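**Q** Chain by chain, the residues run as shown.
Protein chains: 2
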Amino acid sequence: MASAHEQFRNLAWKCGLAATHQRQVIYEAVIATPGHHSVETVYAEVRRRTPSISLATVYNNLRLFVEHGLLREVSPHSSMLLVEGNLAPHHHLICTRCKAVQDLEVADFVNVKKLARQAPRGFDLSQPLVEVFGLCRRCSAKS
Amino acid sequence: MASAHEQFRNLAWKCGLAATHQRQVIYEAVIATPGHHSVETVYAEVRRRTPSISLATVYNNLRLFVEHGLLREVSPHSSMLLVEGNLAPHHHLICTRCKAVQDLEVADFVNVKKLARQAPRGFDLSQPLVEVFGLCRRCSAKS
DNA sequence: TTCCTGAATTATAATGATTCTCATCTAACA
DNA sequence: TGTTAGATGAGAATCATTATAATTCAGGAA
Ligand SMILES: [Mn+2]
Ligand SMILES: [Mn+2]
Ligand SMILES: [Zn+2]
Ligand SMILES: [Zn+2]
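Residue numbers (this note's numbering), protein chains in the order written: chain A, 1 to 143; chain B, 1 to 143.
There may be inaccurate statements among the hints.
Any copy will do: because identical chains look the same in the list, a pair fits if it lies in one copy or spans two.
Okay, derived cross-link-like pairs now, DSSO-like style, lysine-lysine, Cα gap no bigger than 27 Å in a straight line [claimed, not checked]: (1) Lys14 x Lys142; (2) Lys14 x Lys113; (3) Lys142 x Lys113; (4) Lys142 x Lys99; (5) Lys14 x Lys114; (6) Lys113 x Lys99; (7) Lys142 x Lys114.
Rather than coming from a laboratory, the hints here were simulated on the basis of the structure. These figures come from a predicted structure and were not determined experimentally.
Using the sequences and the accompanying hints, generate a full structural model.
**A** Written out as structure tokens, the structure reads:
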């Protein structure tokens, strides 16, 4: 099997990205540990190996890796506060590119019983609200 | 039926909130139009009736209304970038209070066929990713 | 109605995550 | 090895949101 170093060089080559030392270290910092990583934790980890790295480089490359499908962004929402007056339980459809939000009035695509069974013990799902991510018509037409 | 003014005074009284003119106008700006409202649009609308209102008051009261259940926050997730290396399709369980994210490996609580039928035409759901909101064990124990 | 008091509002400063700028550096290729 | 487009680092800038603190007001008592 190839070394982690070689694996990353391969991936970078496939994406047309220069395989810099910084990218190598950032990528490995995320891949090394399962779970969800904040920029803060990645930056802290990466600085142990490359103390001179810039925070901007971490941001730039995490975004780049997400764009190229090497990493996944956990919650690809708009980061700004949105509010609504419709209190009737309903779900949302969110475009991962333009962050547009549409209502999904009908909810029968969710099997609440199965969901409750799969959730960890103690997690309160008495009013489970669901968001589904995809690409809106306009964005999927572009790509 | 009571006037919109009286309706709001009733709701505010039930929550123990002072029924100020600003709160009245903010609440009505959201309620008047169906759909999802950003702070920017609420602020613009509200200033037409009350030009002296402060942006901080809009933020404060939108948060307050959400806390008291008069309004709903559309995507109650952490606003900071989170990234993961696990590219295998899987879903997430998010705590609306502390914003913790957990994986939901099994996905059979989603009926993809029904979902596709209910989504608007042209919406790309070829890899639908789902987030379910609830209260994690720790947070639901507190409340 | 008038007065009182704690809460609400306002203007503005502060915060904090993220992005931008640009001078310097380097990976990739010939 | 030399060239160069693209990457990096340091710090400034941005922008949404929150904190501060002085002023005003809602709501209850007299
Ligand atoms: Mn909605
Ligand atoms: Mn995950
Ligand atoms: Zn879109
Ligand atoms: Zn929680």
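**Q** Please work out whether the CA atoms of Lys142 and Lys113 approach to 27 Å or closer within one copy, between two copies, in both situations, or in neither?
**A** Classified as between: cross-chain Cα gap 24 Å, same-chain 38 Å, threshold 27 Å.
**Q** Since the copies are identical, ignore which copy is meant and state whether Lys142 and Lys114 lie within 27 Å (CA to CA) inside a copy, between copies, both or neither.
**A** Answer is between; shortest inter-copy Cα gap is 26 Å, intra-copy 36 Å.
**Q** Given identical chains, is Lys14 near Lys113, meaning Cα to Cα at most 27 Å, within a copy, between copies, both, or neither?
**A** neither (42 Å within a copy, 34 Å between copies)
**Q** Is it within a copy, between copies, both, or neither that the alpha carbon of Lys14 lies no farther than 27 Å from that of Lys114?
**A** Intra 39 Å, inter 36 Å, cutoff 27 Å: neither.
**Q** Under a CA distance limit of 27 Å, which applies to Lys142 and Lys99: within one copy, between copies, both, or neither?
**A** Answer is within; shortest intra-copy Cα gap is 15 Å, inter-copy 33 Å.
**Q** Up to 27 Å between alpha-carbons, please classify Lys113 paired with Lys99: within, between, both or neither.
**A** between (29 Å within a copy, 23 Å between copies)
**Q** Between Lys14 and Lys142, at a C-alpha cutoff of 27 Å, which is it: within one copy, between copies, both, or neither?
**A** Answer is within: at 23 Å inside a copy they meet the 27 Å cutoff, but 49 Å across does not.
Hint check: violations occur at hints 2 and 5; the rest are consistent with the structure.
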